[in-house]
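Here the protein sequences line up with chains A and B, keeping their order. With my numbering applied, the first sequence covers 31 to 147. With my numbering applied, the second sequence covers 9 to 320.
Where hints are given, some of them may not hold.
Okay, derived cross-link-like pairs now, SDA-like style, lysine to any residue, Cα gap no bigger than 20 Å in a straight line [unchecked claim]:
#	chain 1	residue 1	chain 2	residue 2
1	A	K42	A	M91
2	A	K42	A	M31
3	A	K97	A	W107
4	A	K88	B	P44
5	A	K88	B	R199
6	A	K88	B	G19
7	A	K88	B	M236
8	A	K88	B	T118
9	A	K97	A	H84
It should be emphasised that the hints constitute simulated quantities derived from the structure, not laboratory data. Here the structure is a predicted model, which means the values were calculated and not measured.
One-letter residues, chain by chain:
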Amino acid sequence: MDPVVLVEAAVKKPVFGCRMCGQCVLHSTGMTCPMTCPKTLRNGPCGGVRPDGHCEVKPEMRCVWVKAVERAPRTPWAHELADLRPPVDNRLWGTSSWRNLLTGRDKRTPAGWRVPA
Amino acid sequence: MSRLSDAVEAGRFVVTAELLSVDSGGLDAVHEKFAPYEGYVDAVNATDNTAAHAHASALAVAIALRRLGMEPVMQLVCRDRNRLALEADIAGAALHGIENLCCLTGDDVTAGDEPEARRVFDLDSIQLLALARGMGEGRYLSGRTIDPAPRLFLGAVENPGAPPYDHRVERALKKVRAGARFLQLQVCFERERLEAFMREAVAQGLASQAALIPSICLARTPAALCYMDERVPGISVPADLIERAERAADGEAECFEIACELADHARSLPGVAGLHLISFRREAGIARLCARLGIPPRAERETRGDSRPVAV
């Protein structure tokens, strides 16, 4: 197994509940991981958020996006919250997002995806 | 050009309705569901497994609507299909002349009667909009050409009544960036929430970039209001409204009054382009509500070209 994957998982799983999607956007969403959303929504909250700000699917969990919207302004990447994030590349699950960031692999989108972030 | 896009572009007041889900009974079953309000609406939504319950597919129902002379808005939710299946349905819909698409995230499988199902969410609603826009420009997500490009008129949903409230207009703007030209707003029983959303929508330019269409739900009974408050994700019904309906001598009549008041309030807000009407087993109520509010039938709206319905 890739030692970088092991280190990344060891660091990010306990802290952020990282799912190892291999295309990390954590910094742009207030350091809350959108892949922990039961619907894995990367572009904002669904319409089912409960009045107390908790998740439609897991009532015990605060909505990932409620947290993201709260926390993002306090990060240096606040302006990236509104980015239009492309669909997940499902081939990257279980790979290291650090490596994919360095190689630019995580920025590769399908040819038909022509939406400016 | 679809009738809905014509109305939106001309700035005419738009009326859409949600078709009750269909399970069987052929085209007659589809027709009887919209016949009572046929003359009032610009288009009717063919829903996509509403509340995570299986029904006749949105594509099949949208085709049925067209065959019956009604313009469909085909809903697409991200819960049940991956991107390939969604692209296939969009291309298939366009093949049948279905232009209006409404792209939603979708309730979770746990909200339905088959909670053990696998949830898909390969795309989110915003990515789905962007994908559909690409198809309208003549290409699949892969970049492969579609020639001729299908004619599409894209929309989505936003919920003014769910947290994070201050973020909802920003999210709606993102949907516009992804391709949405109309937004059917989720049913919102809390007037002040809808007001706040519309105020921001006008201030941030959302209302001038997309037709904002609040939904009004015609609940039949006070118990239905309770049910929505407790069980429908993203919808809250204020306690005083439920109490009012429960205390009334005629609960059903009071529910209709409440719907009329909410509809009248919603259409009075600056930036509102129309209404989306949802009735549960009360299709005749939609026509009654339109008549009550002085919303002229569609043919009259088209010939007169008025941008606002005549006030009562």
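Right, here's what the structure says about each hint:
1. With a C-alpha separation of about 19 Å, the suggested pair K42 of chain A and M91 of chain A falls inside the 20 Å cut-off, and the hint holds.
2. For the hint linking K42 of chain A to M31 of chain A, the alpha-carbon distance of about 17 Å falls within 20 Å, and the restraint holds.
3. Distance restraint check for K97 of chain A and W107 of chain A: the Cα-Cα separation of roughly 15 Å lies within the 20 Å cut-off, and the hinted pair is therefore satisfied.
4. Distance restraint check for K88 of chain A and P44 of chain B: the Cα-Cα separation of roughly 40 Å exceeds the 20 Å cut-off, and the hinted pair is therefore not satisfied.
5. In summary, the hint linking K88 of chain A to R199 of chain B is not supported, as the alpha carbons are separated by about 27 Å, beyond the 20 Å threshold.
6. A threshold of 20 Å between alpha carbons decides the hint, and for K88 of chain A with G19 of chain B the separation of about 41 Å lies outside it, so the pair is violated.
7. The straight-line distance between the Cα atoms of K88 of chain A and M236 of chain B is roughly 19 Å, inside the 20 Å bound, and the hint therefore holds.
8. A threshold of 20 Å between alpha carbons decides the hint, and for K88 of chain A with T118 of chain B the separation of about 10 Å falls inside it, so the pair holds.
9. For the given pair, K97 of chain A sits about 10 Å from H84 of chain A by alpha-carbon distance, which is consistent with the 20 Å threshold.
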